[in-house]
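Participant: Guided by the hints, dock chain B onto chain A, whose structure is given.
There are 2 protein chains.
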Amino acid sequence: MEIEVICTGDEVLTGKIVNSNFSYIAQKLEDYGYSVKRGVTVGDDRDELLAAFRLAGERADAVIVNGGLGPTVDDLSQEVAAQAAGVGLSLHEDWLRRMERFFHQRGRTMPENNKKQAMLPQGAEMLDNPIGTACGFAVRIGRAIFYFTPGVPRELFRMLEEQILPRLLRASPNPGVIVMRRFHSFGLGESHVDQLLSGLEAMDQDGAIKLGFRAHYPQLETKLVCRAANEGQARAKLAPVADEIYRRIGNFILAEDDDTHESVVQSLLLERGETVSLVENLTGGLIAQRLSGLPGAEEVFVRGVVGLSPREIGVGLGLEPSEIDGAAPGELARMLAQAMRRASGSSYGLGVIGRLDGPPRGRAGHMTSAIYLALASENGVITRDASLTGHREWLGLGAAEMGLDLLRRHLKGLPVDEKIDFEKRDEKPAERAG
Amino acid sequence: MEIEVICTGDEVLTGKIVNSNFSYIAQKLEDYGYSVKRGVTVGDDRDELLAAFRLAGERADAVIVNGGLGPTVDDLSQEVAAQAAGVGLSLHEDWLRRMERFFHQRGRTMPENNKKQAMLPQGAEMLDNPIGTACGFAVRIGRAIFYFTPGVPRELFRMLEEQILPRLLRASPNPGVIVMRRFHSFGLGESHVDQLLSGLEAMDQDGAIKLGFRAHYPQLETKLVCRAANEGQARAKLAPVADEIYRRIGNFILAEDDDTHESVVQSLLLERGETVSLVENLTGGLIAQRLSGLPGAEEVFVRGVVGLSPREIGVGLGLEPSEIDGAAPGELARMLAQAMRRASGSSYGLGVIGRLDGPPRGRAGHMTSAIYLALASENGVITRDASLTGHREWLGLGAAEMGLDLLRRHLKGLPVDEKIDFEKRDEKPAERAG
Numbered sequence: 001m002e003i004e005v006i007c008t009g010d011e012v013l014t015g016k017i018v019n020s021n022f023s024y025i026a027q028k029l030e031d032y033g034y035s036v037k038r039g040v041t042v043g044d045d046r047d048e049l050l051a052a053f054r055l056a057g058e059r060a061d062a063v064i065v066n067g068g069l070g071p072t073v074d075d076l077s078q079e080v081a082a083q084a085a086g087v088g089l090s091l092h093e094d095w096l097r098r099m100e101r102f103f104h105q106r107g108r109t110m111p112e113n114n115k116k117q118a119m120l121p122q123g124a125e126m127l128d129n130p131i132g133t134a135c136g137f138a139v140r141i142g143r144a145i146f147y148f149t150p151g152v153p154r155e156l157f158r159m160l161e162e163q164i165l166p167r168l169l170r171a172s173p174n175p176g177v178i179v180m181r182r183f184h185s186f187g188l189g190e191s192h193v194d195q196l197l198s199g200l201e202a203m204d205q206d207g208a209i210k211l212g213f214r215a216h217y218p219q220l221e222t223k224l225v226c227r228a229a230n231e232g233q234a235r236a237k238l239a240p241v242a243d244e245i246y247r248r249i250g251n252f253i254l255a256e257d258d259d260t261h262e263s264v265v266q267s268l269l270l271e272r273g274e275t276v277s278l279v280e281n282l283t284g285g286l287i288a289q290r291l292s293g294l295p296g297a298e299e300v301f302v303r304g305v306v307g308l309s310p311r312e313i314g315v316g317l318g319l320e321p322s323e324i325d326g327a328a329p330g331e332l333a334r335m336l337a338q339a340m341r342r343a344s345g346s347s348y349g350l351g352v353i354g355r356l357d358g359p360p361r362g363r364a365g366h367m368t369s370a371i372y373l374a375l376a377s378e379n380g381v382i383t384r385d386a387s388l389t390g391h392r393e394w395l396g397l398g399a400a401e402m403g404l405d406l407l408r409r410h411l412k413g414l415p416v417d418e419k420i421d422f423e424k425r426d427e428k429p430a431e432r433a434g
Numbered sequence: 435m436e437i438e439v440i441c442t443g444d445e446v447l448t449g450k451i452v453n454s455n456f457s458y459i460a461q462k463l464e465d466y467g468y469s470v471k472r473g474v475t476v477g478d479d480r481d482e483l484l485a486a487f488r489l490a491g492e493r494a495d496a497v498i499v500n501g502g503l504g505p506t507v508d509d510l511s512q513e514v515a516a517q518a519a520g521v522g523l524s525l526h527e528d529w530l531r532r533m534e535r536f537f538h539q540r541g542r543t544m545p546e547n548n549k550k551q552a553m554l555p556q557g558a559e560m561l562d563n564p565i566g567t568a569c570g571f572a573v574r575i576g577r578a579i580f581y582f583t584p585g586v587p588r589e590l591f592r593m594l595e596e597q598i599l600p601r602l603l604r605a606s607p608n609p610g611v612i613v614m615r616r617f618h619s620f621g622l623g624e625s626h627v628d629q630l631l632s633g634l635e636a637m638d639q640d641g642a643i644k645l646g647f648r649a650h651y652p653q654l655e656t657k658l659v660c661r662a663a664n665e666g667q668a669r670a671k672l673a674p675v676a677d678e679i680y681r682r683i684g685n686f687i688l689a690e691d692d693d694t695h696e697s698v699v700q701s702l703l704l705e706r707g708e709t710v711s712l713v714e715n716l717t718g719g720l721i722a723q724r725l726s727g728l729p730g731a732e733e734v735f736v737r738g739v740v741g742l743s744p745r746e747i748g749v750g751l752g753l754e755p756s757e758i759d760g761a762a763p764g765e766l767a768r769m770l771a772q773a774m775r776r777a778s779g780s781s782y783g784l785g786v787i788g789r790l791d792g793p794p795r796g797r798a799g800h801m802t803s804a805i806y807l808a809l810a811s812e813n814g815v816i817t818r819d820a821s822l823t824g825h826r827e828w829l830g831l832g833a834a835e836m837g838l839d840l841l842r843r844h845l846k847g848l849p850v851d852e853k854i855d856f857e858k859r860d861e862k863p864a865e866r867a868g
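If you read the sequences in order, they're chains A and B.
Residue 434 is where the first sequence ends in my numbering, and the numbering goes up by one at each step.
Residue 868 is where the second sequence ends in my numbering, and the numbering goes up by one at each step.
It cannot be assumed that every hint is accurate.
[To be verified] Straight-line alpha carbon distances no greater than 30 Å define the calculated DSS-like cross-link-like pairs of lysine-lysine that follow: (1) B:K549 with A:K16; (2) A:K237 with B:K450; (3) A:K16 with B:K657; (4) B:K671 with A:K16; (5) B:K853 with A:K16; (6) B:K671 with B:K657; (7) B:K450 with A:K223; (8) B:K549 with A:K419; (9) A:K237 with A:K210; (10) A:K210 with A:K223; (11) B:K644 with A:K16; (12) B:K853 with B:K644; (13) A:K223 with A:K116; (14) A:K210 with B:K450; (15) B:K450 with A:K28; (16) B:K550 with B:K657; (17) B:K550 with A:K16.
Simulated from the structure, these hints should not be mistaken for lab results.
Okay, chain A solo, but in the shape it has when bound (with noise of 0.2 Å):
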């Protein structure tokens, strides 16, 4: 099946926003298995509009269409779509009842102009947006089935979820559900893990799931995709394989499917009765801003302190002049893990100093930096350290997230010192390639 995508509205033609929506959309259809052949990007522009969905209409099996359904005058996905298909608009009856209450349940009168959102070309098919006023709508043009869906993020993502791929499942010719898990890990790259997990789609006979990864530094997202007739089965299909992945790289693995890095931590910590305070320099708060950021953060963080000297944050805690000025980096991790830990009153005191090492260099602005962590807890002070290279920002994002794996490890009873690809590597961070 050929699929177009076709994105629309002069905020995202001019640049005004970047246009995430369609990296949404393409991926989403990646994991259940299709992939997008074409994208297009036009303006709020009558005769562009008109002359995409002809081409669109002529070239592609199904063409999703996102933007345009609002209520104002340059809002024309309705209008085109119908001129393009050759029909007229006409008022989905139901689709303006349903607006009129959601107005209403608002304490607000419906304006005039939203009822221009419930006028459909005719024969259309309405799909359902539960959240918002812009309902979506399924036409044919030329030889294609065009699936409308509004720009907003949060509406497109549950009309393409509830609505779109169901349809698309449906109409092939091996229709069936796609469930799909994800494992997000730290410390190993991408093609590392590929390598690790060799031969494990090979372990469905039916070839009925697929493994696929996306890297966003310094986590990787390694993602299992089966189909089957039902839920049901393709859980029972995946589980062995699942098993497998934790068998091969369990210990990287710090959350699943929604769960994050910080919300994983922070579930250990509440089931413990726990609660943990932080020291950041060369993070500059990171950590503090994960771990705060979280519902429920109250219970387990309680305090965190940023600052660039390791030696002005140590007498910040209580600690001696003295004392700081004649450690060792990796010795100074550790008295203010502690310090912290006395001073906060927490379960554990996580401290996260790094130091960079001269200036930028090369053309990518390469810095290396010494990395000293520390976690203090009733029973004593792990320590490791660990020397990352790559730009400043890349530098603190691979060392907060060091700093909540050497808690998650700790935790879970793993073992805290386990090399990993990021250390000492002289190589560029993934990026576009030429």
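Facilitator: Below, chain B without anything else, positioned relative to chain A:
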């Protein structure tokens, strides 16, 4: 002039990376008075590339192609460009020597497959890339001039600025240069600033000045673009208009051009030989992150404390629980800022303390947050409070900006309590429309 942009590469087409290069190109062209008519995204696929080049060559005057210039087999731009132009490839000797030198300077031998990057369509004009091995090139296909650019963002940015835009300007009926000045403000919404600056473009009788905006909450960028015969003339035309901008919204302007709110605050502190320490809760360390991430930060940023409970933070700073418990929130912010100033020995103690009111409500998950700001110095404490509405993440961003703004305004001797547009509004933050 009808301009089309073609972005190539499987990583972009599958959504593995978000296509920020497209919005960069479109914005840059807008700044120079050009509009992109449409955008097309295709993968590393010979047939699709050829079809896209041919179609664009029929309908556009200028086409910017991004990506596909790398050394590997899936980089097809030169080859398909030659095919679409109906010419062969030939070795660009100068670029080959440049590449060999490039590798030599880095102590490496050029791999054989990089030679491919010097093979350009016959008759193409080479476009210099001073920071990478992928040179660009310009070639005619159909009725359009095509400009091929590398996918690595910083290489694209330089080539666009240094090679392509000057060529577009030279080819225009009215050649000259474009000079842009950017004014970053906080506190006034786009439509409000648009209204406050009405009539501004008319100050230049030749119509050479164009005003534009780009909102990235919580800041707004006001852009002033001037086209003139040379840079001196453009700057002379811009100066009185920029002065008028300052007359109308000057207090709200926090930085110009490449400066940021935090870099301006740092410069103001450096000039006075002063330092700052922070106390944050709702913002989760966001201000510490911004101030500590700048080169030279160690001279002005002393320490930041992040916590969720103001009581907990206060006790950590040596306040008595009994003092804290009875205090109203505004008073608490004052006490924390003073305690931080005392404990850290900084010139300023800045406290940004927020309280989220109630659970998320409404379909967008809005929350109201009361924010209490306090800036302690040797002359006493300045306070300000405000009520913001929005998603939790937006509340943090807004509160961090208000904190930096309080400090900037104080350091510049500006009023610190001017009402901002984001206060107590129950509207959705600007978002892509239906």
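Participant: Does the structure break any of the earlier hints, and which numbers would those be?
Facilitator: As far as the earlier hints go, 1, 8, 13, 16, 17 are violated by this structure, in ascending order.
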